[in-house]
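Peer 1: Sequence order for the protein chains is A and B. Each residue of the first sequence is one higher than the one before, starting from 1 at the first, in this note's numbering. Each residue of the second sequence is one higher than the one before, starting from 1 at the first, in this note's numbering.
You may find that some hints are simply not true.
Said to hold, decoys possible - Simulated DEER-style distance windows between Cβ atoms:
| # | chain 1 | residue 1 | chain 2 | residue 2 | range |
| --- | --- | --- | --- | --- | --- |
| 1 | B | P127 | A | S95 | 17 to 25 angstroms |
| 2 | B | P26 | A | F145 | 27 to 35 angstroms |
| 3 | B | P23 | A | I119 | 43 to 51 angstroms |
| 4 | B | I32 | A | G62 | 31 to 39 angstroms |
| 5 | B | N96 | A | P55 | 50 to 58 angstroms |
| 6 | B | S24 | A | D115 | 45 to 53 angstroms |
| 7 | A | D7 | B | Y3 | 34 to 42 angstroms |
| 8 | A | L107 | B | Q85 | 25 to 33 angstroms |
| 9 | A | I109 | B | P127 | 16 to 24 angstroms |
| 10 | A | D115 | B | G107 | 24 to 32 angstroms |
Unchecked claim - Quick look at which bits of chain A chain B covers, simulated, 3 or more residues with Cβ under 8 angstroms:
| # | region |
| --- | --- |
| 11 | 103-112 |
| 12 | 148-161 |
Unchecked claim - Pulled from the structure, derived: some chain A residues nowhere near chain B, Cβ distances all over 12 angstroms:
| # | residue |
| --- | --- |
| 13 | L5 |
| 14 | I119 |
| 15 | I174 |
Quick caveat, the hints were computed from the structure, so don't treat them as lab data. Just so it is clear, CB atoms sit at the ideal spot from N, CA and C, and this is done for glycine as well.
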Amino acid sequence: MAKGLNDAMFRAMRRDLRESVTGAVRVAAVEIMNDLAKAGPAYSGAFSSAWYAIPPGQEPGGPRSEGSIYKYDLRNVPRGRFTRGSYFEIVNGASYAPQALDLEEGLFISQLDVDGEVIEPVKTPTSIGERTGKLRGNVSSGTGFAVSTAPLDWYVNYTSGGSMTRALEQGVKIGFRDGPFGGRGGSARGFG
Amino acid sequence: MNYQAIRAAVEGPILTAFNNLTPSVPVYFDNITAVPLNTTTEYVRINVTFGITTDPTLTTSLDNVRGAIVIRVFTEKGRGPARNQELINTAVTVLNVLNNTGKPSAGVFFRVGQINGPSFSATDQSPHFVGRIDAGYVATDLS
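Isolated chain A (complex conformation):
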């Protein structure tokens, strides 16, 4: 009788733990994707809308929208994707992601309208002027139409410079707080 009760409690605890971890991972993914969208380049806004949290090996989709910097919420990280565990990758599905992340050189064309005026980007530029190299962020002040909406190496700075760790901590904190053990999402079944 007592053994049956213990087994039921352990099963419930395991279920609660899995639910808490999945919730924490989903919130952390949303925090990180919103940070990446804000920190990264945004001319049309398409690149900012192409972040996906997916299990390893799965292909990301393409950009979701343009016209503004995309705002992510939990609907972008469906619970169903994490049924087999909480290991996932955050990847950008834009075809030009390696150039936007400053990982590869590329060819950049000034965004001019029919009157030859520079089309306004959705994000305030960090530099406008002359192109000084073949990386996305190689733009310095001077005569020219080149526009950069994020500093060079913004991505490495975010992932290795401490900001991603901070977003992950924040996401996990919020995720656990709102889960079965946090008191906001109902009492934990294992301790019911």
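Based on these hints, arrange chain B on the given structure of chain A.
Peer 2: For chain B alone, coordinates are given in the frame of chain A:
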């Protein structure tokens, strides 16, 4: 916070290492225009970024800066990876020496984390073969 001293702590040793090579290899830093576009000359580009300035630690000191350093080595395309890897190795050696240097009594204590790469790329748009390493760093201003 002395950002310039933090830059100098890592940029100085790298510059010295590449200057000491025969022939020496030019090194360019932030906000300095490198060689003209489309040249095939080899060179090195260093980008030091600042991520978080006030990073609370176990002590009450807030003088910890976190950020990232990206080192790109540009060598001529179509000649194999050997020269590029040789130059990348010079940069990695400098970072490892910095990591193995003890904490000074004053100035900047600079340590890098895991070094990612090298990764290599060669695109149609560029005359260069580009090798790249990056690493996060923590710098403490002890002055």
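Peer 1: Beyond 12 angstroms from chain B, beta-carbon-wise, is I119(A)?
Peer 2: I119(A) is indeed farther than 12 angstroms from all Cβ atoms of chain B, at 22 angstroms.
Peer 1: If you look at each residue in the region 103-112 of chain A, do at least three have a Cβ nearer than 8 angstroms to any Cβ of chain B?
Peer 2: Coverage by chain B holds for the region 103-112 of chain A (5 residues, Cβ < 8 angstroms).
Peer 1: Taking 16 to 24 angstroms as the hint, is the beta-carbon distance of I109(A) and P127(B) inside that range?
Peer 2: Cβ of I109(A) to Cβ of P127(B): about 19 angstroms, so the range 16 to 24 angstroms holds.
Peer 1: Hint says 25 to 33 angstroms; check whether the CB-CB distance for L107(A) and Q85(B) agrees.
Peer 2: Since L107(A) and Q85(B) have Cβ atoms about 26 angstroms apart, the given range 25 to 33 angstroms holds.
Peer 1: Determine whether the non-interface label on I174(A) survives the test: each CB of chain B must be over 12 angstroms from its CB.
Peer 2: holds (19 angstroms)
Peer 1: Given the hint of 43 to 51 angstroms, check if P23(B) and I119(A) actually sit that far apart at their C-beta atoms.
Peer 2: Cβ of P23(B) to Cβ of I119(A): about 45 angstroms, so the range 43 to 51 angstroms holds.
Peer 1: So does D115(A) sit 24 to 32 angstroms from G107(B), Cβ to Cβ?
Peer 2: Once the Cβ atoms are compared, 55 angstroms apart, the range 24 to 32 angstroms for G107(B) and D115(A) is violated.
Peer 1: At 12 angstroms, judged by beta carbons, does L5(A) keep clear of chain B as stated?
Peer 2: Per Cβ check, L5(A) is outside 12 angstroms of chain B; nearest 43 angstroms; holds.
Peer 1: How does the Cβ-Cβ distance of S24(B) and D115(A) compare with 45 to 53 angstroms: does it lie in that range?
Peer 2: Because 48 angstroms falls inside the window, the suggested range holds.
Peer 1: Check, residue by residue, whether the region 148-161 of chain A contains three or more positions whose beta-carbon lies closer than 8 angstroms to a beta-carbon of chain B, and give the verdict.
Peer 2: It holds, with 10 qualifying residues against the three required.
Peer 1: Just tell me: holds or violated, for the beta carbon distance of P127(B) and S95(A) against 17 to 25 angstroms?
Peer 2: holds (24 angstroms)
Peer 1: Given a hinted range of 27 to 35 angstroms, is it respected by the beta-carbon distance of P26(B) and F145(A)?
Peer 2: 28 angstroms Cβ-Cβ, so the 27 to 35 angstroms window holds.
In summary, the numbered hints that this structure violates are 5, 7 and 10.
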